[in-house]
Amino acid sequence: MSENGMAIGDKAPALTLPGTDGAQHDLGVDDASTATVVYWTCNHCPYALAWQDRLHDVARDYSSRGVRVIAINSNDAGRYPADSFDAMVGRVEREGGWPHPYLHDESQAAARAFGARRTPEVFVFDRDLRLRYRGAPDADYDDPAEDAAWLRAALEAVLGGGRPDPAETEPVGCGVKWK
Amino acid sequence: MVAAEIQLLWWRGCPSWERALTMLREQMATLGLGEERLEVIEIEDEADAECLGFPGSPTILVDGIDIQPPDPEQAIGLTCRVYRRRDGRFSPLPDPNDLRDALARRSG
Numbered sequence: 001m002s003e004n005g006m007a008i009g010d011k012a013p014a015l016t017l018p019g020t021d022g023a024q025h026d027l028g029v030d031d032a033s034t035a036t037v038v039y040w041t042c043n044h045c046p047y048a049l050a051w052q053d054r055l056h057d058v059a060r061d062y063s064s065r066g067v068r069v070i071a072i073n074s075n076d077a078g079r080y081p082a083d084s085f086d087a088m089v090g091r092v093e094r095e096g097g098w099p100h101p102y103l104h105d106e107s108q109a110a111a112r113a114f115g116a117r118r119t120p121e122v123f124v125f126d127r128d129l130r131l132r133y134r135g136a137p138d139a140d141y142d143d144p145a146e147d148a149a150w151l152r153a154a155l156e157a158v159l160g161g162g163r164p165d166p167a168e169t170e171p172v173g174c175g176v177k178w179k
Numbered sequence: 001m002v003a004a005e006i007q008l009l010w011w012r013g014c015p016s017w018e019r020a021l022t023m024l025r026e027q028m029a030t031l032g033l034g035e036e037r038l039e040v041i042e043i044e045d046e047a048d049a050e051c052l053g054f055p056g057s058p059t060i061l062v063d064g065i066d067i068q069p070p071d072p073e074q075a076i077g078l079t080c081r082v083y084r085r086r087d088g089r090f091s092p093l094p095d096p097n098d099l100r101d102a103l104a105r106r107s108g
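Residue numbers (our numbering), protein chains in the order written: chain A, 1 to 179; chain B, 1 to 108.
A few of these clues could be false.
To be verified - Beyond 12 Å from chain B on every Cβ pair, some chain A residues (computed):
1. Ala12
2. Ala14
3. Ser33
4. Val92
5. His100
6. Glu106
7. Arg112
8. Tyr141
9. Asp142
Unchecked claim - Partner residues aside, some chain B positions facing chain A, computed with beta carbon under 7 Å:
10. Val82
11. Ser91
12. Pro92
Rather than coming from a laboratory, the hints here were simulated on the basis of the structure. Every residue, glycine too, gets a C-beta built ideally from N, C-alpha and C.
Build the full structure now, drawing on both the sequences and the hints.
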């Protein structure tokens with residue numbers, strides 16, 4: 001573990017969190033996944049909102065290749081009511097459903113275990129749930145044409161049995177709102 | 001001395017403020033609005049935010065009027081502000097055209 005949580009090569013922490021779909025989601029039980037993307041997001045951050053469609057597109061584009069995508073919101077809903085579990089459920093309903101689970105990390109234990117710092121911040125794991133990439137989805141929240149290029153490149157590397165280069169980029173966005 | 005009629009309110013916890021300041025200075029220069037008309041105010045804590053009715057960083061006021069008035073239900077506090085671009089996209093920065101139009105009304 002690095003000072004920022006997980007280091008490249010670390011195994012994903014055990015994680016069971018409630019989703020807006022009413023189910024409990026366990027990161028470790030889906031052995032069929034060829035790769036796993038876990039990313040931090042929230043309802044109120046403009047950076048997270050600006051990148052959201054691109055991240056949903058990644059989930060849709062890679063589902064047929066066995067890639068599992070999970071979004072987590074760890075923000076303190078006491079200070080930021082827009083990030084409450086009820087607000088998360090309402091948002092997903094308003095948007096007609098998401099292409100992947102949206103989980104609530106009320107205790108913030110997941111954010112601390114991963115070392116998540118920003119929304120959005122993505123973590124890419126290989127089939128063995130070893131961390132292979134962490135950072136931003138792409139170079140510019142303001143340019144949809146970027147199309148989550150860094151995340152897609154990391155997934156292509158992992159699915160091809162290789163290692164993403166770079167393995168880390170600097171996440172850009174709002175800080176995780178700690179209690 | 002000319003009283004500042006353009007204000008940028010920003011919070012250190014949101015990274016967009018520097019880009020907002022650059023954008024604002026460039027647009028002001030284009031419209032011939034001098035730097036002395038600009039006041040840059042850091043919002044340091046929740047008390048400041050409450051006192052000034054700060055809806056998030058960055059907030060740009062021209063003659064005390066928000067260039068993109070927030071939703072009346074928008075919470076006050078230390079947060080990154082959500083803007084809508086003219087094409088509907090979400091952004092941490094206002095649409096450059098909205099900023100230009102607001103400043104042009106001041107320069108006109």
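Evaluation of the provided hints:
1. With a least beta-carbon separation of about 27 Å from chain B, Ala12/A lies farther than 12 Å from that chain, consistent with its non-interface assignment.
2. With a cut of 12 Å on Cβ distances, Ala14/A stays outside the contact zone with chain B, its closest approach being about 30 Å.
3. Separation of Ser33/A from chain B is adequate, the least Cβ-Cβ distance of about 29 Å exceeding the 12 Å criterion.
4. Distance check on Val92/A: its Cβ is at least 16 Å (rounded) from any Cβ of chain B, clearing the 12 Å threshold; non-interface status holds.
5. No Cβ of chain B comes within 12 Å of the Cβ of His100/A; the nearest lies about 19 Å off, and the non-interface call holds.
6. Remark: the non-interface label on Glu106/A is consistent with the geometry, its nearest Cβ contact in chain B lying 19 Å away (cut-off 12 Å).
7. At roughly 19 Å, the least C-beta separation between Arg112/A and chain B is larger than 12 Å, which holds for a residue marked as non-interface.
8. At the 12 Å boundary, the C-beta of Tyr141/A falls inside the reach of chain B, the nearest C-beta of that chain being 7 Å off.
9. Under the 12 Å C-beta cut-off, the non-interface status given to Asp142/A relative to chain B is violated; the minimum distance is some 6 Å.
10. At a threshold of 7 Å, the smallest CB-CB gap from Val82/B to chain A is about 4 Å, leaving the interface hint in force.
11. Taking 7 Å as the C-beta contact cut-off toward chain A, the hint placing Ser91/B at the interface holds, the least distance being around 6 Å.
12. For Pro92/B, the shortest C-beta to C-beta distance to chain A is roughly 4 Å, which falls under 7 Å, so the interface hint holds.
Of the numbered hints listed earlier, those contradicted by the structure are 8 and 9.
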